[in-house]
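Trainee: What follows is the residue order along each chain.
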Amino acid sequence: MAASASVVLDGVGHVFPVAGGRGAVRALEQVSLTIAGGEFFAIIGPSGCGKSTLLDILAGLLAPGEGRVTFDGAEIRGTVPDGIGVVFQDDASFPWLSVWDNVAFGLRGRGLDKSEIAGRVGAALDFMGLKEFARHRPAQLSGGMRQRVCIARTLVLRPRLFLLDEPFAALDQQTRLLMGYELLRLWRETGATVVLVTHSLDEAAMLADRIGVMSSRPGRFIETVATEWPRERSSQILTDPRFGDVTSRLWEKLRAESLRAMGR
Amino acid sequence: MKRAQTWLDGAAVIVAILLAWQFLSLIVGAHVLPPPRATAGRLVTLVGEPRFLADLASTAEAYVIALAIGMAGGLVLGVAFGGWRLIGDSFEPFMHLLVATPKVTLYPVILLLFGLGDSAKIAFGVLHALPPVAIMTANAIRTVRPVHRKTALTLRLSPTAYATRLLVPAVLPDILGAFRVCFAQALLGVLVGEMFASTRGLGHLLMASIGVDDNPTILAIVAIVFVFAGGGSAALLAAASRRKS
Ligand SMILES: Nc1ncnc2c1ncn2[C@@H]1O[C@H](COP(=O)(O)OP(=O)(O)OP(=O)(O)O)[C@@H](O)[C@H]1O
Ligand SMILES: [Mg+2]
Numbered sequence: 001m002a003a004s005a006s007v008v009l010d011g012v013g014h015v016f017p018v019a020g021g022r023g024a025v026r027a028l029e030q031v032s033l034t035i036a037g038g039e040f041f042a043i044i045g046p047s048g049c050g051k052s053t054l055l056d057i058l059a060g061l062l063a064p065g066e067g068r069v070t071f072d073g074a075e076i077r078g079t080v081p082d083g084i085g086v087v088f089q090d091d092a093s094f095p096w097l098s099v100w101d102n103v104a105f106g107l108r109g110r111g112l113d114k115s116e117i118a119g120r121v122g123a124a125l126d127f128m129g130l131k132e133f134a135r136h137r138p139a140q141l142s143g144g145m146r147q148r149v150c151i152a153r154t155l156v157l158r159p160r161l162f163l164l165d166e167p168f169a170a171l172d173q174q175t176r177l178l179m180g181y182e183l184l185r186l187w188r189e190t191g192a193t194v195v196l197v198t199h200s201l202d203e204a205a206m207l208a209d210r211i212g213v214m215s216s217r218p219g220r221f222i223e224t225v226a227t228e229w230p231r232e233r234s235s236q237i238l239t240d241p242r243f244g245d246v247t248s249r250l251w252e253k254l255r256a257e258s259l260r261a262m263g264r
Numbered sequence: 001m002k003r004a005q006t007w008l009d010g011a012a013v014i015v016a017i018l019l020a021w022q023f024l025s026l027i028v029g030a031h032v033l034p035p036p037r038a039t040a041g042r043l044v045t046l047v048g049e050p051r052f053l054a055d056l057a058s059t060a061e062a063y064v065i066a067l068a069i070g071m072a073g074g075l076v077l078g079v080a081f082g083g084w085r086l087i088g089d090s091f092e093p094f095m096h097l098l099v100a101t102p103k104v105t106l107y108p109v110i111l112l113l114f115g116l117g118d119s120a121k122i123a124f125g126v127l128h129a130l131p132p133v134a135i136m137t138a139n140a141i142r143t144v145r146p147v148h149r150k151t152a153l154t155l156r157l158s159p160t161a162y163a164t165r166l167l168v169p170a171v172l173p174d175i176l177g178a179f180r181v182c183f184a185q186a187l188l189g190v191l192v193g194e195m196f197a198s199t200r201g202l203g204h205l206l207m208a209s210i211g212v213d214d215n216p217t218i219l220a221i222v223a224i225v226f227v228f229a230g231g232g233s234a235a236l237l238a239a240a241s242r243r244k245s
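Top to bottom, those sequences are chains V and B. Under my numbering, the very last position in the first sequence is 264; numbers go up by exactly one each time. Under my numbering, the very last position in the second sequence is 245; numbers go up by exactly one each time.
Heads up, some of the hints might be wrong.
[Claimed, not checked] Simulated crosslink set (SDA-like; lysine to any residue; CA at most 20 angstroms straight-line):
(1) K131/V with G144/V
(2) K114/V with R165/B
(3) K150/B with P95/V
[To be verified] Here are some, though not all, of the chain V residues that point toward chain B, as calculated from beta-carbon distances under 7 angstroms:
(4) A59
(5) V86
(6) A92
(7) G109
Don't read these hints as lab results, they were simulated from the structure. We put the CB at the ideal spot given by N, CA and C, even for glycine.
Isolated chain V, as found in the complex:
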C-alpha cells in the first residue's frame, strides 16, 4: 500500500507551567516520528511519561511548546483539523444523553440528513455491540461499554486519523482482547491511520504495525519496533514465535525506563 506520511512530528517538546508559577514540568522532549498513512502505530511508555500530552498535541488540542506537527501535510497547531477522531483515556460520554444520542452527537449540525445520521449511528452501534443499549443512559452501562460508546461516537465521523488513549484500560482481559480485534477490523475496513496508546505490551505487540517505546518523563521515543504482521491478522499471532520476540524486546526497553519512572 502507498505509505504516504500521515503524521509527522519534528522535534516536538512541551513544558507545562506549574500552578503558582514556580517550577515547570517538562512532559516531552525532542519527539520526532513519522507515521505512514494507514499505519497502525502503538505507543507504550511508563506512566506519566507524556503519552496523553503527545496525543493532545497530535489532536490539535494543545499547541506544542517546541517543534512542529503536520497531518496530511498541513501543520497542526492548537486547533483540531478535520479528519481526526479522538477517544480519551477518561470516560467522555455525555451522561444526559442516551447511547444513541451520544453516538449521533458529532454528526448533528453538519448538514447531514436524518437517514444518513440514523444509518451511520446504527452501523456504529452494531459494530461496537451496543445495539440493544441504544436507549440506555451511560450511567446504566459498565465502564467498558461507555468507552465503546465513545469509540462509536468517533467512528461515525469516519476520521482518517484515529487517536486512542488507553481506550480499553477499564476492560477485563478477555473483553480487551475482543475489542482489540474489533479495532483491527475497524482499521482494516476504514483504511484509517491508528495511533493507540496502551499500557499493555501484549496489546501493542498483537495489534500494531510498529510500536514506539517512550522514555520516562520527559518523554521521547527511545525505540520503535516493527512487527511486520500481515494486514489480515488474527489471534493466531499470539502463537507466532515472533510475538514473543516482539514483547520481550518491548519489555527489555521498557523495564529500565519504568524503574526510572518509579524513582529507583
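Given chain V's structure and the hints, the job is docking chain B with the ligands onto it.
Mentor: Only chain B with the ligands this time, still in chain V's reference frame:
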C-alpha cells in the same frame, strides 16, 4: 406506583403537621396559637377582603419581579464568573460576602437608594436571590469536565453549539438547584422587605397584625406562605428528579 407512594408520603407529612399544630394549640391556648380550624376560617374571611387581596397581589408582583431579576442576573453573572477567570477572581468574592452578610443590615442602604416603596422590597428580594444563583452557576460552569470540553473541540463544535448542546445540558441540574434556592430566597427577601418598610404586601399585613395581636391573621398568612414555599420547592424537586431518571 412510585408516584402514589410519594403522594401518600406527602399526605402523611401534612397530617402530622396539622396534628402537631392542633396539639400545640391545646397546650398553649387557642388565643395564643389558633388551631388549624380557626386559621382556616380566618383564611376564608381574609380571601373575601379586598385589602387582603391587594396585599397578596402586591407581594406576588414584587416576588415575581425579584425572582426574575435574581435568576436572570444570577445566571448572567455566574456565566461571566465561571467562564472568565479574571472576572470570577475579581468579583465573585463580593457575592460570597453578600451571601454571608445578614442582609437586614443592608436595608438602610437599600432604602436610601430606592426609597420607601415597591422597588425597595424588590431590591431586597434580589439581594437575597441573586448572589446564590451567581455562585452556583459559576461553580457549575467550572465543574464542566475537561474531557467534555476536549471532546467538544475534537468534534469541532462551534462556540454556539458548545454552549447550547454541551454547556447548558451539563449545568442544567445545578441550575435547577439554583432556581430552587432563588425561589425561596426571593420570597424571604420580599417578605422581610415588606415587614421593615412598606405600606402594603403580606409582610406589611403580618407586621400590622403582630402590632394588634391578631394571631389568627398572622397564622393564616404564615400558612399561605408555608404552603406556597413548600409546594413550590417540592414541585421543583420533583422536576429535578424526573430529569435524572
Ligand atoms: N495540564 C497539565 N498541567 C500541568 N502538568 C501536566 C498537565 N498535563 C500533564 N501534565 C504532566 O505532564 C506529565 C505527562 O502527563 P501525561 O498525562 O501526558 O502522561 P501519560 O504518559 O499519559 O501518563 P499515564 O500513563 O499515567 O496516562 C505528567 O508529569 C503530568 O503531571
Ligand atoms: Mg495518559
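Trainee: Run every hint past the structure and note whether it holds.
Mentor: Each hint tested on the structure:
With a CA separation close to 15 angstroms, the supplied pair K131/V and G144/V stays within the 20 angstroms bound. Proposed proximity of K114/V and R165/B is supported: the alpha carbons are some 18 angstroms apart, at most 20 angstroms. At most 20 angstroms may separate the alpha-carbon atoms for a hinted pair to count; K150/B and P95/V meet this at roughly 16 angstroms. Given hint, A59/V at the interface with chain B, holds; its Cβ is 6 angstroms from that chain's nearest Cβ, closer than 7 angstroms.
At its closest, the beta carbon of V86/V sits 4 angstroms from a beta carbon of chain B; the interface hint therefore holds under the 7 angstroms criterion. For A92/V, the shortest C-beta to C-beta distance to chain B is roughly 5 angstroms, which falls under 7 angstroms, so the interface hint holds. For G109/V, the interface hint holds, the least distance from its beta-carbon to any beta-carbon of chain B being 6 angstroms, beneath 7 angstroms.
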